[in-house]
Every structure is written in C-alpha cells, then in structure tokens.
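K.L.:
Now for the letters of each chain:
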Amino acid sequence: MTDDRIQRVTMPKWGLSMKTGKIVEWFVGEGDTVAGGDDLLDIETDKIAGTLESPVEGLIRRLIAEPGEDLPVGAVLAVVAPEDVPDAEIDAVVEEAKAAIASGALEVGDEPEPQVVDVGGRTISYLTLASEEPAGDPVVLVHGYGGDKNSWLFVQQPLAETGTAIALDLPGHGASSKDVGDGSLAMFADTVKEFLNALGIERAHLVGHSLGGAVAAAVARSAPEKVASLTLLAPVGFGPDADAEYLRGFAAATSRRELKPLVGRLFADQSQVTRQLVDDLLRYKRIDGVDKALSAVLGTLLDADGHQAIDTRSLLADVDVPVTVVWGSADRILPVPDGVELEQVEAGHMLHMEAAGDVVRLIQRRR
Amino acid sequence: MARSITYREAINEALAQEMERDSSVIVMGEDNAGGAGSPGEEDAWGGVLGVTKGLYHQFPGRVLDTPISESAFVGAAIGAATGGMRPVAELMFIDFMGVCFDQIFNQAAKFRYMFGGKAVTPVVIRTMWGAGLRAAAQHSQSLLSVFTHIPGLKVVAPSNAYDAKGLLIQSIRDDDPVIFAEHKLLYDVAAEVPEESYTIPFGEANIVRDGSDVTIVAIGRMVAMAQEAAAQLASSGIDAEIIDPRTVSPMDWDTILESVENTGRLVVVDEANPRCSLATDIAAVVAQDAFSSLMAPPQLVTGPHTPVPFADSLEDLFIPDAQRVANAVKTAVEWKR
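Those protein sequences? They're chains P and U, same order as listed. Heads up: the first sequence is residues 1 to 367, going by full-length UniProt numbering. Heads up: the second sequence is residues 1 to 337, going by full-length UniProt numbering.
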C-alpha cells in the first residue's frame with residue numbers, strides 16, 4: 001500500500017489536442033515547501049506555453065521530469081509528501097511513474113470529443129468535461145468576440161475536477177454555425193438560454209469573458225431562475241471605453257501580418273502570442289461567413305464613435321444573482337472600470353489564459 | 001478532434017463545395033469517366049489518380065470527360081472562362097503543358113492586360129508535379145518556374161491538405177488564370193482540415209517552424225524534408241525557421257526577407273532542376289534585398305541539371321532529402337569569410 005499522504009503532480013491537459021508537454025523550467029526544487037497556486041514550472045506544448053500552478057501543497061520530495069523532456073499528459077512530474085514518509089516509499093512512486101511513462105500506457109488517453117446540438121436552427125458546438133460523480137449546478141463558459149471554447153483550455157479541466165464544466169462556441173464562432181442573424185446581444189443570450197434548455201440544464205453557474213460576460217448577464221436578466229451565479233471576466237458594457245482600433249482591426253484583418261500585432265494587445269505577456277495562436281485565429285477567420293458574422297457583431301459592440309454600445313451594468317441592475325467581476329490589471333482592450341466592485345488579477349484582457357489559477361479560484365468560490 | 005483528411009480528399013472536397021455553391025464552376029479533364037478497359041461513365045475514375053472521383057455523378061453534366069487532347073480542352077476551358085464560366089481543367093501531368101503553351105501563355109495570361117481590364121479569365125488548371133512516382137522523365141518534372149515567369153498567371157503549390165483545400169477554393173474564386181500544382185506524392189498525406197469552406201489568400205507564406213539561426217524556404221513536398229532536417233538540426237543546437245511560400249506567384253517576399261533579416265542565412269529547397277528556377281529566383285532576390293543581413297552565401301538544395309531518371313536508385317538520388325538539407329544548413333551556419 002502506498003502512503004496516501006503521497007501526492008503526485010502530473011502533466012496537465014491544456015486543450016483538446018494536447019497529448020504531450022515539454023518541461024521548460026522548474027521554479028521549485030526538491031526540499032521546497034509549496035502552497036496551492038504556487039508557480040511550479042513552465043510547460044510548452046505545440047500550441048501554447050504556460051505555467052503550471054501547484055494543485056497540491058506540501059514538501060517536494062522528488063522532481064521526476066527534467067527540463068527538455070517531452071512527457072505525455074498524466075505523467076507524474078513531481079512527488080509531494082510529508083518529511084516522515086520514508087525515502088523508499090517515495091522511490092517506489094518514482095519508479096512506478098517512470099515505468100508508466102516508459103510503457104507508453106499514458107499516451108492514449110480518452111479524449112473528450114466536442115458535441116453539437118441544434119439551437120434555433122443553428123448548430124452549436126460544445127465540450128463537456130465532468131468529474132466522475134459530478135455534483136451541483138454545472139459551470140457554463142461563454143467566450144468573447146472572436147474567441148471560442150478552446151480559449152478555456154487552462155480553466156475548464158480544473159473546474160471539471162469537482163463537477164461539470166461546459167464550454168460552448170457562440171454562433172459565428174469556433175465550430176458552431178457561422179450565421180449570427182442580426183448579431184445582437186439578444187440573439188446570443190437567447191442562444192445560450194436555449195442551449196441550456198436543449199441540454200436539460202435547469203440552472204448553471206455562468207462564466208462569461210468579454211462579450212460573453214454581457215451575454216451571461218443578459219441571460220441572467222431574462223431568465224434569472226436559470227442562473228446560479230455570474231462570474232464576469234473583463235466583461236463588455238462596464239464603461240464607455242474600448243480599444244475600438246483592436247476590435248475593428250480584428251474584424252478586418254485577413255493576414256498574419258495584420259492580425260499578429262492586434263492579438264498582442266490581448267495579453268500582458270507577449271510570449272503568449274505564439275505563431276500557432278495567430279495561425280489558429282486566421283484559420284477561423286478564413287472560414288466562409290466568419291467575416292460577415294464578425295462585422296455584424298462589431299455593430300453590437302461599438303457605436304459609431306467607437307464607444308461601447310452595450311450597457312451590461314444596467315442589465316444587471318435588477319438581477320438578483322450573485323455576481324463576481326474580475327479584471328486583468330493590464331487589460332488594454334477594455335480598461336479596468338471605475339466605481340465597480342471587482343477582483344483584479346495580474347493579466348491582460350485574456351485573464352482566463354494568463355491568470356487561470358486565480359480565475360478558477362474565483363469561479364469555485366461561487367459553487 | 002478536428003477531422004483529418006488526405007490531400008486528395010481535400011482537393012475533392014474543395015471542388016464539390018465550390019460546385020455546390022456556384023453553378024458556373026465546371027470540371028473537365030481526362031479519365032473523369034472511364035479509363036483504360038473500364039465500362040465508361042458507370043465507372044467514373046475521377047482522373048488518373050482519382051482526385052475528382054464522385055463528382056461525375058454528383059454534378060451531372062458539369063464534369064466533362066475530355067479526349068487526350070490537352071491543347072483542345074485547356075483552350076476550351078480558357079474560352080469558357082472568358083465567357084462567364086469558372087472551369088477547373090485537370091491536365092494530368094505538368095510535363096504535358098508544353099502542348100498548350102499558346103493557350104496559357106499568350107491567351108489566358110494576356111487577356112486582362114490586353115483588353116484593358118475588361119476581360120477576366122477565371123480558369124484553374126490543376127496539374128500534378130514532382131518526382132518520386134517512378135514515372136520517368138516525362139511525368140516527373142517540377143516546372144513551376146516556367147509558369148512563374150509569366151506575368152498574368154498565378155501559380156499555387158500546396159504542401160499539405162489544409163492548404164490544398166483553402167488555396168483551391170481561393171483559386172476557383174479568383175478572376176485570373178491559376179496554375180494549381182498538386183504534388184503527386186502528397187495525395188495520401190492527411191492533415192486536419194475544416195469541413196466548412198474557407199480560403200487562403202494568395203501571396204501569404206506559411207511559417208511552418210519558427211527559428212533563429214537559418215531560414216529554409218521549401219516548396220511543395222520539400223517542406224516535409226525541411227521539417228525532418230530541422231528536427232535533426234535542433235538536436236545539434238541549430239534552430240531553423242521554415243517558410244512555405246504556398247503560392248510562388250505571387251510570392252510573399254516580405255515574409256522571406258524579414259526572416260532572413262532575423263536569421264542571416266538562407267537555404268532554398270526546391271526539387272526542380274537548378275537553372276532559372278524558383279531556388280535561383282529566391283536566392284537572387286534575397287541577395288539583392290537582404291544583402292547586408294546575410295552572414296553566408298545562400299545555399300541551394302535542388303535536383304541536378306538532368307532529366308528525372310527512371311531507375312529507382314537514381315531517382316532517389318535526384319530528389320533532395322533531409323540529409324542534404326541539413327548539410328546545406330550546416331554549410332551556411334559554419335560559413336567563415
């Protein structure tokens with residue numbers, strides 16, 4: 001029997017396509033004591049680079065993975081256990097972990113597949129991740145303008161460890177139908193509401209980023225009984241200002257050359273803007289109908305003067321559900337608004353990618 | 001996960017989706033129906049390697065089975081294009097283009113210019129290129145530079161299934177004549193390809209791999225050789241950037257020049273014969289426009305100045321491989337004045 005005080009830190013799964021991750025650098029060493037949320041190491045995949053925050057707390061007894069190693073999802077990277085657990089037991093865990101990597105057994109994990117559902121004549125694509133015995137209302141993740149369900153890659157898996165977390169593609173985005181009708185906030189809100197109905201979800205914790213924040217708020221206003229809580233991440237409609245140049249430029253960009261500098265404005269840390277990220281956005285933008293969809297939705301976001309056309313705060317005025325507003329302190333797309341009770345995290349506009357650990361903790365507080 | 005299909009299937013899907021979307025799109029070529037010893041229409045081959053298979057029955061009357069007379073059906077396609085159709089003609093092997101040079105060079109390529117922009121010729125000529133199929137000297141050439149030389153033609157050479165679909169849809173929607181060159185050894189190579197229609201603009205290179213020590217520009221099937229070489233070079237500490245131009249006319253010079261300005265070194269990989277080729281063209285432009293950035297002479301990895309041999313062992317020697325690419329990179333990196 002292995003001592004149940006031994007905890008394993010494993011290679012996370014960041015997004016559907018991640019199969020392996022490369023160890024870039026450890027920030028901790030053997031003998032260090034870590035707390036939950038401490039930066040442990042940098043990991044690089046073919047799509048993205050990120051920092052793994054500690055899912056456990058305690059004394060690091062062994063670091064198994066060496067910088068430069070490319071390891072499958074689920075591989076044990078480090079072993080954490082109290083001082084009085086004998087070395088022999090730790091060694092046994094290390095051996096077992098190395099054997100699991102060497103056997104190749106980790107390499108083919110069950111991949112959750114995105115599913116589709118018809119909502120009001122449109123195909124809506126979504127991905128459900130759930131723990132073995134999910135309890136409580138599910139978390140439903142609503143992305144922003146030009147985003148998609150994959151933007152939750154650092155957030156959805158941790159949220160699914162204690163329940164169900166569902167990420168959907170709004171109309172005009174990701175793998176959903178590209179027709180957005182009039183592109184209005186009401187269209188998006190109706191779609192999300194009908195999506196919940198179609199999946200038989202009576203009540204959900206809605207998490208919305210940017211445009212998705214206003215969509216979640218609009219759902220809460222028209223169907224408060226369906227909303228257990230709202231977590232709004234850098235939502236639109238909390239002030240008049242927005243980087244209109246970014247929004248218009250994003251809608252119009254057709255080449256990597258045009259798109260890359262714009263995408264840089266989304267992040268505080270420019271190393272997040274990988275070639276793969278820009279290429280994936282271009283792949284999306286080049287699908288028939290996307291230009292039309294983005295241009296219709298642009299009219300929902302901005303007025304003729306380049307100010308925000310959505311007023312989310314007034315949508316929320318009479319809504320009686322718990323609301324958490326979170327903002328990245330270095331947001332260049334939607335500046336941190338004045339006079340709003342909010343949580344600040346160290347990130348740009350894409351706070352759910354740059355400060356995923358903080359965002360997960362703030363969402364969990366509402367569950 | 002996203003769906004994976006082959007280069008062949010991606011081209012077929014692009015044709016089907018454009019034919020569905022636009023009734024002026026027609027397909028014409030040899031062996032679309034029948035083929036040697038086949039009963040004909042019931043057994044529609046979809047061309048010699050089956051790329052258009054299924055379209056003959058899916059779009060009745062819009063997939064034309066032509067005689068083996070390239071000059072006639074390419075001319076007919078060009079004429080139909082000037083008359084409002086969007087024909088996609090399949091000219092089996094690029095090696096056979098010689099019999100219809102007048103239609104392509106002197107007619108299709110010149111109409112827009114000579115009629116003061118009042119005439120457009122939205123024709124696509126699909127054709128197979130490249131060595132490696134054991135098909136001998138008359139079915140193995142890489143004649144892209146011949147067409148690149150002619151103003152008024154666009155020349156497209158996808159290296160993977162994703163690019164093949166998006167570039168073919170772009171080619172069909174484009175109002176100018178396009179030579180769409182499919183590498184015959186890539187037909188069975190699969191990649192993630194969206195089910196929806198999408199386009200890839202002409203003149204935007206794909207940066208296949210980021211790197212800081214050397215710029216490798218590779219065309220068509222040679223992109224895979226460059227990737228193999230780059231993986232090998234990475235273990236000896238050399239970080240190669242790989243650029244796939246995707247369209248060689250127009251060429252994305254900005255991306256190539258910016259990359260060489262960062263890396264200071266250029267290796268061009270092109271399986272064509274070396275004289276008056278894409279390799280010499282790219283090397284010349286870089287030498288002229290990025291001279292002050294270069295730390296070594298541009299290295300050209302190409303076939304020799306011979307016909308493509310029929311003997312397997314000689315054909316294998318003709319085609320650049322990853323080792324030759326890696327050696328050229330090392331020559332550039334280790335260069336001392």
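Watch out, some of these pointers could steer you wrong.
Listed below are the simulated DMTMM-like cross-link pairs for lysine to aspartate or glutamate, each with C-alpha atoms no more than 20 angstroms apart in a straight line [unchecked claim]:
| id | chain 1 | residue 1 | chain 2 | residue 2 |
| --- | --- | --- | --- | --- |
| 1 | P | Lys260 | U | Asp321 |
| 2 | P | Lys260 | P | Asp280 |
| 3 | P | Lys260 | U | Asp312 |
| 4 | P | Lys292 | U | Asp22 |
| 5 | P | Lys285 | U | Glu261 |
| 6 | P | Lys193 | P | Glu161 |
| 7 | P | Lys19 | P | Asp280 |
A few chain U positions that, by computed beta-carbon distances, are all more than 10 angstroms from chain P [claimed, not checked]:
| id | residue |
| --- | --- |
| 8 | Ala2 |
| 9 | Pro194 |
| 10 | Asn206 |
Quick caveat, the hints were computed from the structure, so don't treat them as lab data. Every residue, glycine too, gets a C-beta built ideally from N, C-alpha and C.
K.L.:
A separate judgement is required for each hint: does it hold in the structure or not?
P.N.:
Results of checking the hints against the structure:
no.: 1; hint: P:Lys260 <-> U:Asp321; in the structure: 33 angstroms, violated
no.: 2; hint: P:Lys260 <-> P:Asp280; in the structure: 11 angstroms, holds
no.: 3; hint: P:Lys260 <-> U:Asp312; in the structure: 45 angstroms, violated
no.: 4; hint: P:Lys292 <-> U:Asp22; in the structure: 19 angstroms, holds
no.: 5; hint: P:Lys285 <-> U:Glu261; in the structure: 29 angstroms, violated
no.: 6; hint: P:Lys193 <-> P:Glu161; in the structure: 25 angstroms, violated
no.: 7; hint: P:Lys19 <-> P:Asp280; in the structure: 18 angstroms, holds
no.: 8; hint: Ala2; in the structure: 8 angstroms, violated
no.: 9; hint: Pro194; in the structure: 6 angstroms, violated
no.: 10; hint: Asn206; in the structure: 8 angstroms, violated
Going down the numbered hints, you'll see the structure goes against 1, 3, 5, 6, 8, 9, 10, while the others check out.
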